[in-house]
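Protein sequences, first through last, are from chains W and B. Taken in order, the first sequence gives residues 806 to 874; the numbers are from this note's numbering. Taken in order, the second sequence gives residues 48 to 533; the numbers are from this note's numbering.
What the hints contain is simulated information worked out from the structure, not anything from laboratory work. Do not take every clue at face value.
What the hints assert, rightly or not - So the derived label-pair ranges between C-beta atoms look like this:
#  : chain 1 : residue 1 : chain 2 : residue 2 : range
1  : W       : Arg852    : B       : Phe277    : 25 to 31 Å
2  : B       : Arg400    : W       : Ala824    : 29 to 35 Å
3  : B       : Cys65     : W       : Val823    : 52 to 58 Å
4  : B       : Gly413    : W       : Tyr867    : 30 to 36 Å
5  : B       : Thr338    : W       : Ala843    : 49 to 55 Å
6  : B       : Glu379    : W       : Arg852    : 24 to 30 Å
7  : B       : Lys309    : W       : Arg852    : 57 to 63 Å
8  : W       : Leu855    : B       : Arg298    : 45 to 51 Å
9  : W       : Ala822    : B       : Gly413    : 18 to 24 Å
10 : B       : Phe312    : W       : Leu855    : 51 to 57 Å
11 : B       : Arg400    : W       : Val872    : 21 to 27 Å
To be verified - Facing chain B, from chain W, some residues (calculated, C-beta under 10 Å):
#  : residue
12 : Ile813
13 : Ile817
14 : Thr825
15 : Gln839
16 : Ile858
17 : Ala859
18 : Gln861
19 : Tyr867
20 : Leu868
The C-beta atom is built at its ideal place from N, Cα and C for all residues, glycine as well.
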Amino acid sequence: MVAELNAIFRMIGEMEAVATAQVAPMSHPRDVAQRLRADEVTESNRREELLAIAPQIDAGLYLVPKVIE
Amino acid sequence: MLESSLVELSAQLAARQCSSVELTQYFLDRIDALNPRLNAVITLDAERSLAGARQADARIAAGQAQPLTGIPLLHKDIFCAQGWRTTCASRMLANFVSPYDAHVIAQFDAAGTVNLGKTNMDEFAMGSSNETSWFGPVRNPWNADFVPGGSSGGSAAAVAARLVPAATGTDTGGSIRQPAAMCGVSGLKPTYGMVSRYGMIAFASSLDQAGPLAKSAHDLALMLNVMTGFDPRDSTSLERPSEDYTRELERPLTGLRIGLPKEFFADGVQADVARAIDAAIAEYRRLGAQTLEVSLPNMALSIPVYYVLAPAEASSNLARYDGVRYGYRAAEFSDLGAMYERTRAEGFGAEVRRRIMIGTYVLSHGYYDAYYIKAQKIRRLIAADFARAFSQCDVILGPTSPTTAFALGSRTADPIEMYLCDIYTIAVNLAGLPGVSIPAGFDAARLPVGLQLIGDYFSEARLLNVAHQYQRVTDWHRCSPPMSQD
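So that you can see chain B by itself, here it is in the shape it has in the complex (with noise of 0.2 Å):
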């Protein structure tokens, strides 16, 4: 069970070769004693997912089991799950216990899967390394002394870990593809528009994206299926035909025309990670695909756009935290504004303030223009780039991060320093294309590298099968960090 795949698990589900009761509580038992020294669940609660493990039981022994009916998954703790505490891992939603779903909550419940709990996260997703939860640092599995990447650090530990066959994370600027590839697990983060924002909190709303994490390409679909389509509630959910992004996992490879930007291998990639990438494109070339140069040269300037894009979206979903509805209030304050103060001041973290204060500042009068909409402006020029490079090639191949996982407390004392981690990521976000990562290697202290590729738009079903290609004939993705082992 430790290993097996979200395939292997459905099988062995149909076939009464184990019940989702047992397989909910062997995951459990090893959150138990894992979790612990990796710190990537916030919340649990064994009755709870032993109940709706007996319910996918009864749903498979009725023969109106799906795919993934049974099957325990830990979600990132920003998803909102009715009756389950949601923090966002923020000290501002500790005590929040929300009364609703979020549509992908209600999909997977719906798909009968059991919910495991809750994946620890940076502070309302703002973060790049799982440093800023109010609930202490998630720990890299490959060594508990380095990060799992961020933000959704507590699900990639928790898939690299064994704790879990598969989770869900959201990527805004990278924090699915990034903490995936520090972690050696595979991740994806679908077109903008393809999955339902409703009752995932917000933090960016132009970027924000979820998608899932897991073992293997083939079970980032069956994941997808589940996570997609139509959702009336999230106003930017896009309306298309449903589609079984499994369909073309086995398509050959030959004249696959894989684009490899020139800015992505430029200086500033650790070596090992190039050493691993460059492996990969040898590869990929065995499997029949060709390779060129392209550009992506306003690459560069997506750090400086998303540090004013989305801090200024940021300040406005995060304006509803005041302390009067719900979620945490200051203990102490003399009248209204007062309580908004010290409420904010209190709840919020140090990243969520600045990040808050950029964005307030950039959208105010006399600077909106000068950031605001200059940022809009560039980002078209970035999103084009990607148009011309897409008419040259059909996916896009790189380095998922520059490096590999760096030292916890290495990268706090400087925030732009934390930021360049996104330098691959974020355009991808910018310009609301689908992405992935899988693992490709490890540097030389058995840290994993990322490969990430970056498709067209509504072109899951091709990345998947790029990426499941490449597993097919590797076995990165198979390892496991050895206290997993434990």
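In isolation and in its complexed conformation, chain W is listed as follows (with noise of 0.2 Å):
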């Protein structure tokens, strides 16, 4: 793992070579701005429908090792 990992690297650092100064990062093709909503509640209380998929629970809770002792 460790030795492919360090190709990948290696590759990756191809790109220190590339002159990039004058350039602006880009994260979205189009350069849109995040769309923003009304603060109001739009999902509905599917509580117990969620909790049956999960590994353990108790009480309505997610039960996990604990944390505090």
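Hey, can you piece these two chains together into the complex? The hints should help.
Spelled out as structure tokens, the structure:
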């Protein structure tokens, strides 16, 4: 795994040689802004359905190993 | 029914020459007979599919059919479908029954199509050969010892083997186009933002896009008509007037300017592939198109850029898989940290773990600017290359992949060798442009060659027209693998 990761990082290192000082980063093809919506509740409470697919639950809570002694 | 297009099936259903139930049962029987040799399908639910078919028949009888009502489709197992096991071909989600529908699934449901089942894929869509699936590799219907391409290998193989008339896939770095090319079918990645990603299990959010695989460009257009449309639940979904993607199919190609990037025709292309593409170019000239050389000088950088951006986004998207609320949880752990570590180490395959680690590293403090931001800047240079090219031409043409399908296991030792499969497809995702792959011939071993057409933003109708006109004068897209006739 380590050898492969190192090879990939060497490959990625090819980017260093490219001149990008005057270039703005591009995170979205169309440079659109994040759309906002009204702060209103739109989802319904589907708690039982969603708990039903959990690995371990109890009294409506997800069970995990104890975190705080 | 075996070779019928979506157009033909729709007409047969409307004329009551067959029913949706008959069609559904026919393809279920084919899957039963042929899937063991391909491993293209992960999940079936015959009862559910037939119930959907009965509903479709009722709609048809009531005169409420839409163009694809009654037609069975397979969906890549990356689309959440309510009540269906949705695995993303991973141990992490092997037991996950989705409580909701992806927007794409809901769209097909509203259109009255029948959900025939979920197709195999590379795990979490990470791969170019469909060899990373927890459920085993998919085999190429043209030669069972060869890969079908990936990550939508199951969908491509299923359409090629005529297990289904059409299927859905997703494309982040070429995952619809490349398997379409390797399996001899047609596949389209739309402009980023045209198809909602809600309910489509996320790999790399700024690159992922759903699209159709089918036997022809006309069929792709019919599928696209169902799949596109604004969805407020996907923050990157674009609001645009609705289109009929079949509207330009018959437009003559006289005056079409086809750009041939010199970087697509350099060394490294398999001789048979180059020959087939050259023949296709000659065909396009006969159809009235002009060709001109263009250049995409930063194209080679698309691989390092992609292998920074996609893993970075994947490391964020896959952070949710922790064994707490759904999916796989390790059996033994001493504390919460160990539960997370063991769940993720056991739940994810090697390629997924590799990409999460790369992604986490390139986003980490001290490396973020040098890797992630740098890659975003080169991404803009790559997009600018395309913009420049599209000022000189209407569509760009080249091979979809440098080679035809390769033998199972032949590229798994070196990840970078596998990554290079996508050299011609990745830049299209980075720029967010639409691209289609259509069959253009075979190599000496009778393995399919794919031709890629790339269009400017939102030019899907024109792109499909250019593909369709080639399919009117050639037969490659009508060829089917010998095993599909068994």
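| task | Could you check the structure against the hints above and give me the numbers of any it violates, in ascending order? | result | Failing hints: none at all.
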